[in-house]
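Can you build the whole structure from these sequences, using the hints too?
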Amino acid sequence: MLTTILQQLINGISAGSLYALVAIGYTMVYGVLRMINFAHGDILMVGAYLAFFGISAFMLPWWASFITAIIITGLVGVLMERLAYKPIRNASRVSLLITAVGVSFFLENLFLVLFGGVPKAFPIAPIFHGVLNYNQIYLPVVSIYTPIIALALLYMLLYILHNTKYGIAMRSIALDIDTTSLMGINVDIVISLVFFIGSSLAAVGGILWSTQYPSINPLMGIMPGLKAFAAAVLGGIGDVAGAAIGGLVLGISEVLIVAFFPSLAGYKDAFAFLLLILVLLFKPTGIMGKELERKRF
Amino acid sequence: MKRTLFKTVFLAFLALSTVGFSISKVFAASNDIKVGVVFSMTGPVASFGQSSWQGLQVAKEIMPTALGKKIDLILVDDQGDKVQAANAVNKLVYDNKVDAIIGPLISGNVMSATPIVEKAKIPLITPTGTNPLLTQGKKYISRACFIDPFQGKVAAIYAIKNLHVKTAAIVIDSAQDYSVGLAKFFEENFKKLGGKIVAKTFIQTGESNFSAQIAAIKPANPQIIYMPCYYQEIALFARQAREFGLNQTILAGDGADEEALIKVGGKAVNGLTFTTGFAPEAIKTAIGKKFEAAYKAKYNKLPDNFAALAADSYFMLVNAIDRAKSDNPIKINTAIRETKNFQGVTGNITLVNGDAIKPAVIKKVENSKFVYATSINP
Amino acid sequence: MNRNVILTIFSIILLFVFLYYASHHFSKYTIIILNNIAITMILAVSYNLINGITGQFSLAPNGFAAVGAYTAALLSLTPAQKQAMFIIDPIMPILGSIHLPFLPALIVAGLVTAFFGFILGFPVFRTRGDYLAIVTLGFGIVIDIVANNAITITNGPLGLKGISNYTNVWWSYGWLVFTIFVVMSIINSSYGRAMKAIRDDEDAAIAMGINTFKMKMIAFIVGAFFQGVAGGLLAHLITTISPTLFTFFLTFNLLVIIVMGGLGSITGTVISTIVIVWGSELLRVFDQPMHIFNFTTPGIPGLRMIIFSLLLIFTMLFAREGIMGKKEFSWEWLFSVIKGGKKNGK
Numbered sequence: 000m001l002t003t004i005l006q007q008l009i010n011g012i013s014a015g016s017l018y019a020l021v022a023i024g025y026t027m028v029y030g031v032l033r034m035i036n037f038a039h040g041d042i043l044m045v046g047a048y049l050a051f052f053g054i055s056a057f058m059l060p061w062w063a064s065f066i067t068a069i070i071i072t073g074l075v076g077v078l079m080e081r082l083a084y085k086p087i088r089n090a091s092r093v094s095l096l097i098t099a100v101g102v103s104f105f106l107e108n109l110f111l112v113l114f115g116g117v118p119k120a121f122p123i124a125p126i127f128h129g130v131l132n133y134n135q136i137y138l139p140v141v142s143i144y145t146p147i148i149a150l151a152l153l154y155m156l157l158y159i160l161h162n163t164k165y166g167i168a169m170r171s172i173a174l175d176i177d178t179t180s181l182m183g184i185n186v187d188i189v190i191s192l193v194f195f196i197g198s199s200l201a202a203v204g205g206i207l208w209s210t211q212y213p214s215i216n217p218l219m220g221i222m223p224g225l226k227a228f229a230a231a232v233l234g235g236i237g238d239v240a241g242a243a244i245g246g247l248v249l250g251i252s253e254v255l256i257v258a259f260f261p262s263l264a265g266y267k268d269a270f271a272f273l274l275l276i277l278v279l280l281f282k283p284t285g286i287m288g289k290e291l292e293r294k295r296f
Numbered sequence: 000m001k002r003t004l005f006k007t008v009f010l011a012f013l014a015l016s017t018v019g020f021s022i023s024k025v026f027a028a029s030n031d032i033k034v035g036v037v038f039s040m041t042g043p044v045a046s047f048g049q050s051s052w053q054g055l056q057v058a059k060e061i062m063p064t065a066l067g068k069k070i071d072l073i074l075v076d077d078q079g080d081k082v083q084a085a086n087a088v089n090k091l092v093y094d095n096k097v098d099a100i101i102g103p104l105i106s107g108n109v110m111s112a113t114p115i116v117e118k119a120k121i122p123l124i125t126p127t128g129t130n131p132l133l134t135q136g137k138k139y140i141s142r143a144c145f146i147d148p149f150q151g152k153v154a155a156i157y158a159i160k161n162l163h164v165k166t167a168a169i170v171i172d173s174a175q176d177y178s179v180g181l182a183k184f185f186e187e188n189f190k191k192l193g194g195k196i197v198a199k200t201f202i203q204t205g206e207s208n209f210s211a212q213i214a215a216i217k218p219a220n221p222q223i224i225y226m227p228c229y230y231q232e233i234a235l236f237a238r239q240a241r242e243f244g245l246n247q248t249i250l251a252g253d254g255a256d257e258e259a260l261i262k263v264g265g266k267a268v269n270g271l272t273f274t275t276g277f278a279p280e281a282i283k284t285a286i287g288k289k290f291e292a293a294y295k296a297k298y299n300k301l302p303d304n305f306a307a308l309a310a311d312s313y314f315m316l317v318n319a320i321d322r323a324k325s326d327n328p329i330k331i332n333t334a335i336r337e338t339k340n341f342q343g344v345t346g347n348i349t350l351v352n353g354d355a356i357k358p359a360v361i362k363k364v365e366n367s368k369f370v371y372a373t374s375i376n377p
Numbered sequence: 000m001n002r003n004v005i006l007t008i009f010s011i012i013l014l015f016v017f018l019y020y021a022s023h024h025f026s027k028y029t030i031i032i033l034n035n036i037a038i039t040m041i042l043a044v045s046y047n048l049i050n051g052i053t054g055q056f057s058l059a060p061n062g063f064a065a066v067g068a069y070t071a072a073l074l075s076l077t078p079a080q081k082q083a084m085f086i087i088d089p090i091m092p093i094l095g096s097i098h099l100p101f102l103p104a105l106i107v108a109g110l111v112t113a114f115f116g117f118i119l120g121f122p123v124f125r126t127r128g129d130y131l132a133i134v135t136l137g138f139g140i141v142i143d144i145v146a147n148n149a150i151t152i153t154n155g156p157l158g159l160k161g162i163s164n165y166t167n168v169w170w171s172y173g174w175l176v177f178t179i180f181v182v183m184s185i186i187n188s189s190y191g192r193a194m195k196a197i198r199d200d201e202d203a204a205i206a207m208g209i210n211t212f213k214m215k216m217i218a219f220i221v222g223a224f225f226q227g228v229a230g231g232l233l234a235h236l237i238t239t240i241s242p243t244l245f246t247f248f249l250t251f252n253l254l255v256i257i258v259m260g261g262l263g264s265i266t267g268t269v270i271s272t273i274v275i276v277w278g279s280e281l282l283r284v285f286d287q288p289m290h291i292f293n294f295t296t297p298g299i300p301g302l303r304m305i306i307f308s309l310l311l312i313f314t315m316l317f318a319r320e321g322i323m324g325k326k327e328f329s330w331e332w333l334f335s336v337i338k339g340g341k342k343n344g345k
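Residue numbers (numbering that gives the first Met the number 0), protein chains in the order written: chain A, 0 to 296; chain B, 0 to 377; chain C, 0 to 345.
Keep in mind that the hints were calculated from the coordinates and are not lab data.
One or more of the hints may lead you astray.
[Said to hold, decoys possible] Think about it this way: if two alpha-carbon atoms lie no more than 27 Å apart in a straight line, the pair counts; the simulated DSSO-like pairs of lysine-lysine are:
1) Lys119(A) x Lys120(B)
2) Lys324(B) x Lys289(B)
3) Lys27(C) x Lys96(B)
4) Lys191(B) x Lys160(B)
5) Lys325(C) x Lys85(A)
6) Lys33(B) x Lys289(B)
7) Lys33(B) x Lys27(C)
8) Lys120(B) x Lys27(C)
9) Lys324(B) x Lys119(A)
10) Lys363(B) x Lys119(A)
11) Lys267(A) x Lys199(B)
12) Lys27(C) x Lys118(B)
13) Lys295(B) x Lys59(B)
14) Lys120(B) x Lys165(B)
15) Lys330(B) x Lys119(A)
Listed below in structure tokens is the structure:
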């Protein structure tokens, strides 16, 4: 029993780190634009596909393919913002939400048309190969790498946010976008940067996800995206560290629920949303508790 | 200005769709024999649809006409979803006014299409729907493949007699009628031969994380795992099972018979064995050899179970139309149901109440390739 | 009886004459589309009540439609059918034995869904804006998951089959007329004015003494009732239901419709439903291979959805007000257009 719990705990941390990576992107975009970018989960999918094509079609070594995929995905995020979100930046929340849903469906179907609905087998990078066995506890190597990578990226991001000019600009925009632009900061560039970072992180999440579950298809981003969003809200929407914590909490609790109540395994996904609803009812500012609600109507 | 732009685009959209719609109607030649095809081209079993469509097209090239009339194949994607399957069949029957339908490929989808064709009296041939309920009490449903009571029995016999095991765990896909049915038949026959089911667990199509199910099976220590699911879930399950130290042989059904199983499963699926309807090495008929050669020439690979059965459905249909000497759907259906000793790609086919009595083939995955093991006759 | 009422009743009679002609002369396929239009319109109109009129951005309709569809189907299937269908786990005994004719089944479905709306309303309306959207989205997802896993109630992912095909144009359009009547009555009453006040400025509405919670609940529950009925009608139209029918995609569709028609305009919703549902069918052409002379253009599944989503994005970028904005059709407007035309023309 103890080994099972330990095993599940490790699974949970691994899953949680994946959610964290994607959640950070959600929370950053919400922070600066007050919009829920529904298309974010699909950005994860874009990252996975680009990495896949780098390796299989362009024959790049895995590290080159991954880096290229991450950068290009970041640019895709910037493009998405420029084309679809920037023109309606000052419109009502409803409009932004609807547009985001439109972009999400567009990405999913674009990839469906371009690459077909048949799932493709994602090649696993050599360093992620293998399973460690310690005392009946099985650790896929990638499960160890994932939290480490997530932690490293989180640390870098927090450094950027608190110690660089652009980072401070981002946090300033999150507080008050109009005043920030009055202070002479080019708001457009900072927002593009936010999307670049968020999308790149989602791409990392997509690659790691596809390494653990090596089958990619155009609709793969939907569920992880929604759960990452739940994680972001759980941690306190708008707060980067909160998103990471929310991701971990979600990943671990999901796994523990299944471990202790195996007959409820099918409801595992529902759990994330029930948790989300409860949090929104009783502590909408989430675990980290920052008040960001601003009226934009 | 913006409003006019919007209105222009809106009208353009309407115009475009109306034009497209009219084109498709105007140019549908009326003298052809129209055959509706409902395959899963996208979705969780997209590989089935892709293979079947390839097989169907090769078959059409070999026999493009029946009764001297050209055969028109109208393909609609059912996305692997039973509701979409019903919509597709509705459209083919009432809008395109087809004379016959080939497909859907999976049993659940055939079930939702059945009431429609029974009411409209249009013959339907499913290449690979194996659940016995599909034809029970129905007049217009036929199939080119065997049925699951037979398949489950073959699997049980193989497990007990060839693999020499006495205990098994079963993994069922609760989203598919196919999986639920086949698991039941395996269990019945396995128990009858003295075997014991030590664990039973459920997955759902589209799931990718099976750690909970694997954790449930491990302590029961079965000698084999019977997993009558589809290739995608089997492959992912096999990977994770091997990672967690669950190394027993996995036995499966014809839902595993897809290249994608090996591509996604990698080394984890070596040794996986399954029952299916066709293997290129088992071809005995002239049409079979002709089909194999044409398929290889066109697609540069050997045909698989789905391609072969789709081709057989097509050949059976053409044969029935020729025998009925008419393109009236009801007459075609009668002729289909009367198919006897028809030489198909997958062997000798005789239909009894719409079900095909045929041998089953056992295939294994060795060194990341499908290898033919043996055939078992009914 | 004033002129407007007479004109409205006359138009309804005209509608039913058209339906009579259609049911005897149009192809079965076209009739399915007509039914689809009516059912989608019921969903869209009742959805607009909470989203467009009351300004509360709910994403719950797919959940409500699911509840209504399953309830109606479970009530109208015979006990024998239910026994045969539930092959993984037998159905819960109470549900297994109950059996109602069509209309009572629909009404009960509507009431059960309204009850869900009532219970859900308490937590939902404690939140505002984006959070409200998320909570309602979560509800839809939870219902989807429950439908997939509560096998003794819903038969899980295998779904319910063999539902009797009771829905025909009379039922669907009959309910549609009733829905529009109820919704318009609410809008034109003091309740409706209060709802619009909440939409325009909720804090001011509270300051004016409006019981905002009560108003939002009314809009939500009425919406839920009709969405449940629509779900039931849908179940009896396609005769097979499974959880895949009621995903977020359904709500997305409705969202496109009410936004393009104009949030807050029922007339707009009516127009855009017809355009979108009909257009979707037409666009299906792009998903399939077409034969032109001897060429066959390959069908590209998914192309239809790309066009759809681009259309939505386009609307949001350039014409957020939709077709009608907040305006409604009225007989006065029609006459002024005719008279104005006569004056200018001749």
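ask   = Between Lys27(C) and Lys118(B), does the CA-CA distance stay at or below 27 Å?
value = At roughly 12 Å apart (the allowed maximum being 27 Å), Lys118(B) and Lys27(C) satisfy the hint.
inquiry  = Hint check: Lys120(B) vs Lys27(C), CA-CA at most 27 Å. Holds or violated?
reply    = holds (14 Å)
ask   = Is the hinted pair Lys191(B) and Lys160(B) satisfied, with a Cα-Cα distance of at most 27 Å?
value = holds (13 Å)
ask   = Is Lys324(B) close enough to Lys119(A), meaning Cα to Cα at most 27 Å?
value = violated (45 Å)
message = Given the hinted pair Lys330(B) and Lys119(A), is their Cα-Cα distance within 27 Å?
response = violated (43 Å)
message = Check whether the Cα positions of Lys27(C) and Lys96(B) lie no farther apart than 27 Å.
response = Cα-Cα ~11 Å, so holds.
request  = Decide if the proposed pair is consistent with the structure: Lys33(B) and Lys289(B), CA atoms, cutoff 27 Å inclusive.
outcome  = holds (25 Å)
query = Are the Cα atoms of Lys267(A) and Lys199(B) separated by 27 Å or less?
reply = holds (19 Å)
request  = Decide if the proposed pair is consistent with the structure: Lys324(B) and Lys289(B), CA atoms, cutoff 27 Å inclusive.
outcome  = holds (25 Å)
Straight-line alpha-carbon gap Lys363(B) to Lys119(A), limit 27 Å = holds (22 Å)
query = Does Lys120(B) lie within 27 Å of Lys119(A) when you go C-alpha to C-alpha?
reply = violated (39 Å)
inquiry  = Tell me if the straight-line CA distance from Lys295(B) to Lys59(B) falls inside 27 Å.
reply    = holds (15 Å)
Checked against the numbered hints given earlier, this structure breaks hints 1, 9, 14, 15; the rest are met.
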